[in-house]
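Novice: Required output: the full structure, derived from the provided sequences and hints.
Listed below, chain by chain, are the residues.
Number of protein chains: 2
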Amino acid sequence: MPVVNEERKTETPENSKSTLPPLVSAANLVREVSFEDISTNIRPLGQLEESFIIATDDEGLLLIDQHVAHERILFDKYRALENARPADSQNLLMPETFDLTPAQTAAFDSVAEELEAYGFALMRLSGRTVAIKAVPADLPAGEARNMLAEVLETVDAEKRGSTRATFRDEVAASLACRAAIKINTPLALEKMRWLIDRLLLTSSPTTCPHGRPVILRLATRDIEKGFHRS
Amino acid sequence: MPVVNEERKTETPENSKSTLPPLVSAANLVREVSFEDISTNIRPLGQLEESFIIATDDEGLLLIDQHVAHERILFDKYRALENARPADSQNLLMPETFDLTPAQTAAFDSVAEELEAYGFALMRLSGRTVAIKAVPADLPAGEARNMLAEVLETVDAEKRGSTRATFRDEVAASLACRAAIKINTPLALEKMRWLIDRLLLTSSPTTCPHGRPVILRLATRDIEKGFHRS
Numbered sequence: 041m042p043v044v045n046e047e048r049k050t051e052t053p054e055n056s057k058s059t060l061p062p063l064v065s066a067a068n069l070v071r072e073v074s075f076e077d078i079s080t081n082i083r084p085l086g087q088l089e090e091s092f093i094i095a096t097d098d099e100g101l102l103l104i105d106q107h108v109a110h111e112r113i114l115f116d117k118y119r120a121l122e123n124a125r126p127a128d129s130q131n132l133l134m135p136e137t138f139d140l141t142p143a144q145t146a147a148f149d150s151v152a153e154e155l156e157a158y159g160f161a162l163m164r165l166s167g168r169t170v171a172i173k174a175v176p177a178d179l180p181a182g183e184a185r186n187m188l189a190e191v192l193e194t195v196d197a198e199k200r201g202s203t204r205a206t207f208r209d210e211v212a213a214s215l216a217c218r219a220a221i222k223i224n225t226p227l228a229l230e231k232m233r234w235l236i237d238r239l240l241l242t243s244s245p246t247t248c249p250h251g252r253p254v255i256l257r258l259a260t261r262d263i264e265k266g267f268h269r270s
Numbered sequence: 041m042p043v044v045n046e047e048r049k050t051e052t053p054e055n056s057k058s059t060l061p062p063l064v065s066a067a068n069l070v071r072e073v074s075f076e077d078i079s080t081n082i083r084p085l086g087q088l089e090e091s092f093i094i095a096t097d098d099e100g101l102l103l104i105d106q107h108v109a110h111e112r113i114l115f116d117k118y119r120a121l122e123n124a125r126p127a128d129s130q131n132l133l134m135p136e137t138f139d140l141t142p143a144q145t146a147a148f149d150s151v152a153e154e155l156e157a158y159g160f161a162l163m164r165l166s167g168r169t170v171a172i173k174a175v176p177a178d179l180p181a182g183e184a185r186n187m188l189a190e191v192l193e194t195v196d197a198e199k200r201g202s203t204r205a206t207f208r209d210e211v212a213a214s215l216a217c218r219a220a221i222k223i224n225t226p227l228a229l230e231k232m233r234w235l236i237d238r239l240l241l242t243s244s245p246t247t248c249p250h251g252r253p254v255i256l257r258l259a260t261r262d263i264e265k266g267f268h269r270s
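Respectively, the protein sequence lines represent chains A and B.
Reading the first sequence from the start, the letters are residues 41 to 270 in the numbering used here.
Reading the second sequence from the start, the letters are residues 41 to 270 in the numbering used here.
Simulated from the structure, these hints should not be mistaken for lab results.
Any given hint could be a false lead.
Repeated chains share a single entry, so a pair holds when one copy, or any two copies, can fit it.
Calculated cross-link-like contacts (lysine-lysine; reagent style DSS-like; alpha-carbon spacing at most 27 Å) [claimed, not checked]:
1) Lys222 with Lys265
2) Lys173 with Lys265
3) Lys265 with Lys231
4) Lys173 with Lys231
Specialist: The following block contains the structure:
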């Protein structure tokens, strides 16, 4: 039987708050692990801060960034659309108008067709005004103008050298980012399961289109070490 | 808009298993944190490996070792009993017998009264046989003989110099360890809440009687760093 540490007598939490020993962090006790694969047996338990899905699989604990997970799902979907157009579209009840700058006017002409393939319905009005009559089915209507501005900026960048294929990826990534579930959004367990199931079917479940991690892992064997169990 | 990484085309998970990028570990991205205090707003979500309670509080994610958490609760309870004896006891339907070695016989005489104060009912039969007629209320009946053997070993150690107070702590720690919920035991959410609520009332919720950590933390700000969100 190990020697028992010296302990204070039981106190109420109010009395003992200032003198409690520090809570041990998992940070200094876990080790870096690398993975060949991702289990398909992922079970969501809930959310942290309504932003990160907490789940378990056979190797330990997983944290999934709900926004970038959905971004990856949508990006793969939009990329696939390149071969199966036109995309699903939703008509806006009231068309939105967007005033182009002179620089954007030239950019607009070069991308209008591309955007319509993704589900936008755009119409040039008089002068430099554009009416947005429909948007891709996944995109919240309120994001339509931001999305259009972002794509027009991308086209400027394209003129400075990026390829047409890169431009298409960037439109898909921008659209995925605008349409994906935000952080600080409560999700039902059923929705978490849907996200995880769809994520596992994507081309790269561990990274988002911009290269950020989608999943973080804390392995059971590292947790056991943290608890001095191995 | 950031440059989009090169991505492979969508594949089925079966095809892509061997070439997926490694899963990012939380280990190398989180930092050590120290805590002045423990939140009383801990919400259990479920278990990992039916051994570790996964919970959240206002600072992030918590992992609680269910066995050592219960050990801490029971240790404090047994220590408190020193001032409020006798302890709750449960009669065994069939008394268990225990054969003492010659060395244990001397030890037994010196601890029988102590053990009875903790809820044991012990009776010397003929020769070196002891009947265990009752055990402390929390102790599974199947642990009675192991517990007795362990305490008798402790008494041997005591003769080599430990104090009476240390011996009492060791009996309390041994009893707490034997009686506590084991790992690999499924717990209902209600039981997890009970454990956490009781743990927060103890003298030292972050360490078990043997000094092992009871709670590990992964702070939200470190998780955000892991996801490149800060």
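Novice: Each of the hints needs a verdict: does it hold here or not?
Specialist: Each hint tested on the structure:
no. : hint               : verdict
1   : Lys222 with Lys265 : between (35 Å within a copy, 17 Å between copies)
2   : Lys173 with Lys265 : neither (58 Å within a copy, 39 Å between copies)
3   : Lys265 with Lys231 : between (33 Å within a copy, 25 Å between copies)
4   : Lys173 with Lys231 : neither (30 Å within a copy, 55 Å between copies)
Checked against the numbered hints above, the structure violates hints 2, 4; every other hint is satisfied.
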